[in-house]
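Participant: Residue numbers (numbering that gives the first Met the number 0), protein chains in the order written: chain A, 0 to 389; chain B, 0 to 302; chain C, 0 to 315.
Don't read these hints as lab results, they were simulated from the structure. We treat Cβ as the ideally placed atom computed from N, Cα and C, and that holds for glycine. Hints may contain errors.
[Stated by the list, open to error] One-sided and incomplete, this derived list gives chain A residues near chain C with beta-carbon spacing under 7 Å:
1) H27
2) N37
3) L40
4) Y55
5) N59
6) Q171
7) S209
8) L241
9) G245
10) P260
11) V261
12) T293
[Said to hold, decoys possible] As a list, the in silico EDC-like pairs of lysine to aspartate or glutamate whose alpha-carbon atoms are at most 20 Å apart:
13) A/K244 x C/E197
14) A/K280 x A/E367
15) C/K147 x A/E20
16) A/K326 x A/E20
17) A/K50 x B/D259
18) A/K68 x B/E118
19) A/K117 x A/D92
20) A/K93 x B/E118
21) A/K117 x B/D2
22) A/K128 x B/E118
23) A/K326 x A/E338
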Amino acid sequence: MKRSALVTLLLTLSVGTVYAENVSAPIHIGIGVAQTGNVALLGQEEVDGAKLAEKYLNANGGINGTPFKLIFQDTGGDEAGAINSFQNLINRDKVVGIVGPTLSQQAFSADPIANRAKVPVIGPSNTAKGVPQIGEYVGRVSAPVAIVAPNALKQAMKEHPGIKKVAVLYAQNDAFNTSESGTFQESVKKMGLQIVTLQKFQTTDTDFTSQVTAVLGANVDLTIVSGLAADGGNLVKQLRQLGYKGPIIGGNGLNTAKVFPVCGKYCDGIIIAQAYSPSTKNPVNEAMAAEYRTKYKSEPPQFTAQAFTAVQVFVEALRKVEAVTKKKITQLDLAKVREELNKQIRIGTYVTPLGKISLDQDGEIHQENFYVAKIKMEADGKSGKFVFVK
Amino acid sequence: MTDFLQNNGFLLVTMVQQALLAMSLYYPLMCGQLSLASPGFYALGGYVAAIIGTIEYFAPWRDSLGWVIFPLEWLAAGIISGFLAVLVGIPALRLRGIYLALATIAFVEILRVVCLNLEITGGAIGIFGVPQLFESRWSYIWTFGPLLMLMLFFSYRLDRSRVGRAFKAIREDELAADAMGINPTRYKVLAFVIGAVLAGVVGAMSAPFLNTWNARQGTFDASIAYLAYVLIGGSRSMWGPLLGGMMLSALPEILRPLKDSRLIINGFVLVFASIYMPKGIAGAVGNLKNFTTRILGIGRSEK
Amino acid sequence: MTTAQFLQNLLNGISIGSVYAIFALGYTLVFSILGIINFAHGAIFTLGAYFTYTLAVGEFGINGLLSGLTLDLQIPFALSLLIGSVLAGMVGVLLERLAFKPLRTRGADSLLALVSSLGVALVIVNAIQYLVGAEIYTFPSQVYGDIKPAMMFEVAGQSVVVRTVQVIIFAVCMVILTLLGYVISFTRIGKALQAVAENQTTASLLGISVDKIILVTFFMSGFLGGLAGTLVGTSFGIAGPYFGVTYGLKGLAVIVLGGLGSVPGAVLGGIVIGLAEAFVPPDYSAYKEAVAFAFLFIVLLVRPQGLLGRSMIQKV
């Protein structure tokens, strides 16, 4: 009894009166990813993707003629930074929706804030279990690892039917790689193979000689690596340099051209399960990939494509909001737009750089195509490409 | 006003939270001990609250106790942190100066790796969906705010108590204090435990505040940040850590409009603050007060 | 454990350890003179690698102010390494003048130097990111000429392997150690350095310019840091602006273990921690990260002056 009175008092103090306000033109969409700190390596790729989407989609009419503008608020690498970024986007920049944050751990911290404020969020790279379940306003365009990973294993088995003994290595301080490796381990066991050595490392590690010699000593037929570009690439390089000859499966963290300079010619032959292929055939991806290639002279990475996709989903859903309400977004109340936008995001399909996708009522992505690629390095050991085998 | 709180509520509460963490370094410093163990106890406290708040075993407790579970979480975090502090403190506090600082950094790092590997702490992903005490972030001022008031009152009393005088005697000259019948080890462990309990309780309050908890909360980086709070704020009075924690934690957010270069400027501010305010912000304010007292006859000097 | 496995672990330990050691050399040098920890050392280490990269390769990526820029300076690697390290040494001098000297002249709490050097580190790391982005830069594989990537030995029918670049780093580490040892023990400047480390007031009474010695120390520390950064960069690539900072914490453990301020101690400490990590059984690899710190904690309790440090009578 006492408590409810207290809570009511606190709520009136803190929430205050909510008054109606219209959406500004151009329409603001928030990008809250890591632009500084030690995850900026990933966040930068997302910024690139979002910017490409802004340019491409505005050139294609924006939201039925109304342009939109991306508002960037850096999250840094930590949880508090993510909350600050989201608060700024929601209250100060009055965005209709947010693309972000970069890490799953940050999503668990900041997404509830957006959810309570009833602002739709689309995660460009949050793959941990439980992210879409944070709330009804939370969705993602990054497919959970459980779906992506096993494909690579099947491919390796197809190429090397004799595989029996497997080494699994993963970055234990990283949420994505830990859960991805869990999936790999399950799939390995399901296929009747044996994990003879399980090695853990940190994403900040650079020397892997201990892990590599353990793998060499165990005489394995296949090695599965879940790490990010710098650590995973170094691990692969050291595996090869120290004489490992068998096939290597790389996790999704290695699905970026950034790994090429790290392991150089030793990258050759890594089998990688991917949620994105730069050669996906549809007009949106072709336009995005072409633009990326001219601007940055390399193939677009997966995080870039996913951030592009997240922005695209917002824009297309905004168009649908106008169709449903029969009004321009700028004539509508912000709270109303956010609510309706969230509904529309979860209806229908989108043809994106990731191929055909849809978001279910939970906000979970359903993606039509996953890919398995093999890295093919040029003779100079500097540049390479992903050759898609599936 | 409400708009302002909506926009900045999280930041304001974070400032209070960081000020409390800075104060947790202040108690050991009162007797001259540079301990950087606070992030470890902060992480531990957060885990205690997050675990009690989420796992199946405590579900009947949560259901029957309602909001009372939250103060119990704080209590549990405080007790567990205090207990661990005694275990770590007794051997570690034989060390002094930079050696103690390094031993406590080692403690934080060991704890981080252990938390990364246990099942109950959720590994790298951590624990999410921590139950909430309040709806809005700003409302968390009702947990951190009273704690800050309590700690300020406590510090004020401590400063003037027999224990507080013993702390200061040890800081000034440990041998002399020992000769006067003050048992340095006992008082040093006591100061260390006070800091640890405070950090643990702040951690327990922070798990719902941040919605989630993971091993990234207690790191070397945090140790260094808290140290900067105390040194930039001033380590000679309780106002130092308070001001340092509040200002330095707000700085990156205040600099947000600078976008890409905000952390560069943040770095410069740290350099200039340490050079131009060698006694910390509190010291600089104190000088100003002396100045006004002496020259203008305003205010009343304490000593 | 077979002989081959033992030897392999030994080599692995020395291989990781020499990276820790080479990082820690410049770190411990500043401590020996000023008795403070220079938190910016990791940042200067990083910066040295970026300097050399700019001179030797000079191709920048897709983010930051200099994105897309290609400086084709064609400077040979050895020369770039030298210039890059000298530049890093000069940043060290700048650091001393900007962040340390004002505090010293003021007689401020020596702990404040931790904060001001932390500030400098923050500036350097974020300035790097501002200029060239957070991406990974790597040196071409043939910087050391046409060497085999790994060396292999046969021991009792089992093979033992080591990466050649790690052997180079270990060798450089030993050369630096010898040179430093010679400079410190047998040259005028080295003796002056020792005198300043012992007691600044007495040293200045003996006519030694303390200020100059401090500058020389910072230059050497920065030079060694930059050199180490580049060498480690050739082994693992430059993994973004935080690349060196991540060694900072492990580096602390190394210099304390070896004895704060002791140059041979830094090398010994690095190798001991490397060995301790390498001998962690594979099943416990998850706890490898904690080994260095468990070691540090125990050593501090048992022998706070470290393995090669002198015991000091301390007054807080």
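Participant: Any hints this thing doesn't respect? Which numbers, in order?
Facilitator: The structure conflicts with hints 1, 4, 5, 9, 12, 13, 15, 18 and 20, although it agrees with all the remaining ones.
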